[in-house]
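Novice: As a plain string of letters, each chain reads:
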Amino acid sequence: MAENTLILPKDSNDALALNVPMVEDKQYSTLNLGPVHPATHGIFQNILTMDGEKIVDSEQTVGYIHRAFEKIAERRPFYQITTLTDRLNYCSSPINNFGWHMTVEKLLGVKVPKRAEYIRVIMMELARISDHLICNSILGVDTGAYSGFLYVMQEREKIYEIYEEVCGARLTTNMGRIGGMERDLSPTAIAKIRDLVFNSFPKVWAEFETLFNRNRIFRDRIQNVGAISSERAIAYGFTGPNLRATGVDYDVRVIEPYSSYEDFDFEIPIGHKGDTFDRFMVRNGEVWESLKIIQQAIENLPEGPYYADEDHYYLPPKKEVYSSMEALIYHFKIVMGEIDAPVGEVYHAVEGGNGELGFYLISDGGRTPYRLHFRRPSFIYYQAYPEMCKGLTISDAVVIMSSLNVIAGELDA
Amino acid sequence: MINNESIVEEVVGQFGQKVFGFEEPFGLLTFTTNASDLTEVVDFLKNHPEFKFNFLTDIAGIHFPDNAGGELCSMCMIHSWENNIRVRIKVFVPIADPKVPTLSTLFASANWMERETFDFYGIEYTGHPNLKRILNMEDMDYFPMRKEFPLEDATREDKIDALFGR
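So the sequences go chain by chain: A and S. Under the numbering used here, the first residue of the first sequence carries the number 1, and numbering increases by one thereafter. Under the numbering used here, the first residue of the second sequence carries the number 1001, and numbering increases by one thereafter.
Since the hints were derived computationally from the structure, they do not count as laboratory data. Please read these numbers as outputs of a predicted model, since none were measured by experiment. Just to be clear, a hint being listed does not mean it is correct.
As the list claims (entries may be wrong) - The calculated lysine to aspartate or glutamate pairs, modelled on DMTMM-like cross-linking and capped at a C-alpha distance of 25 Å, are:
(1) S/1018 x S/1005
(2) S/1046 x A/231
(3) S/1052 x S/1023
(4) S/1147 x A/345
Just chain S, with the same shape it has in the complex:
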């Protein structure tokens, strides 16, 4: 029987200190790895004879401005259809040098998902075949989903967070 515990056991057995931060929000196994090990970890889970994580569900960027040294997060979610288990893998990279290895060598679908994440967060996927903006126009010179760009007009002083939420 394959469940979250057996996956944790295998992954820790294989990678040891390279994988950490295990948690299970709403039953979905989530862990963190280093940018340099991401491809190896995903490749291991994809080609594991029992786990068979055959499908890349999603890639999304997240910005944590207060997490010094790991401001940008690239989250990927893979799914094993045979065992019906999902795993979420996170990589934190500094905003000054946001480099994450591409997953498009393992899953063709990662191509546009990574372009979208690059477009909005500026995470550079090394080895990506065609890393350019996808939804925004090409001459845009900033990454709009980062938290430093507020949605409200920054010159307004009446709409303070204490009254109007974040």
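Only chain A is shown next, with the shape it has when bound in the complex:
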């Protein structure tokens, strides 16, 4: 165990600390982990310099699926940018969608009704569950335990069925509208959510935890592997479960509550060592907390409208479009993207599946953003990867990458 512990650089603030010169008369071998490799779960490359079995250094190449979303967004009306955010972290698209909607609502000064906020919370927490569920069960697959993945996959299917019921899509959801939800929760959707959070999911997740948490083989593979101290994690811009695994309880849902998160009673699970096992356990704990939030939200779902009275951005009901002049005009103007946004500079952050997902928007009064920047958590913390797997073996590098939950879509934007 002792030789697996990560030795931290002496000066914790030295960004150059990684470039330790290698010994010249020694022979190193180079190994490409990626761009296409079953363990990377996405297209990105790591060029590892190996001394026998030990990783001495690694260089990352990212950008293989860069799609220039920030540039494309400068030419699109606000409502069309939602579909771009889907494709950032595609394991938890609703969080991205609502994060973007809330950014625009902040710019417009729209107050979203309570019911819409609660529905959003339900969908965002479902997305968080499906995100963590994939990350943790894939960690099992990467260590050779396939069955846990198959058990929980069935539950993810149920979550996707709920997405389908709410917005019609499964993966790239484009859920909600600026100003609220595009439709109310149907009785079928409510029944499905209730069945999931009160009945089927807790059983399966408890079973999953029984399979893994005290499994000797699994724990030998992930304990004390890829540990990072909280100081280094903060310096590297870690947020989300990966940061909380190091023992820092930073969570955007608590520090800057949005969408009525202050109404719910939940805890922030934290680890203390910041190793792969802690990241796994923090995600497990967060799934239980998300379940608690959904249970509270669905029990206390307020009555009332599910969208704000925002004529310029929220599409009028189709029936009114056919019968009233105003509705027809607004419908046309919204669809053609002819609405001028107010001037402003906004930053809004939400707690995404991987951490603080921020939207930095500058509007100059035009129909499209003047500048839109996505603060993508995986892009920022993935740069710590060489430091985390230094001195370890390939099999460790694989589980570290898996537990960091680097999503290629979010990494490359």
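The hints should help you fit chain S onto chain A, whose structure is shown.
Specialist: Chain S in isolation, oriented as in the chain A frame:
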């Protein structure tokens, strides 16, 4: 109690004329400084005994083609977790010589954020350990997020801004 006013007071007291352009869009304190003073200002806020701006949230470039002498802007946003206050600091540099000092000496996370900004806007971060393109391919010879590169096909004449927005 630490709020935007007390930060402004301290920063102006420390740096005087070197910090300017204070505003608070949506409650988020924003100000501008000179490229030569950026590291000093961020270092001051980071190591201030009360403010403790311990976290670099984001770095983004912005292009203002009409702002002569300061066409490119490098924006950095820092966050004090203890006080839960964010501050946005901007630096404007001329497009002919876009040099901004690196923040990677203060925050390791600035490394890739600055590489991304360099990649898309061509802002050169002096002192950066590894300033090369990150998301685009390395032999690209222009900076694609600058406003002179329109997204639409430049040869099309039917899609005019008056009808189709910007």
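Novice: Can you name, in rising order, the numbers of the hints this structure does not satisfy?
Specialist: none
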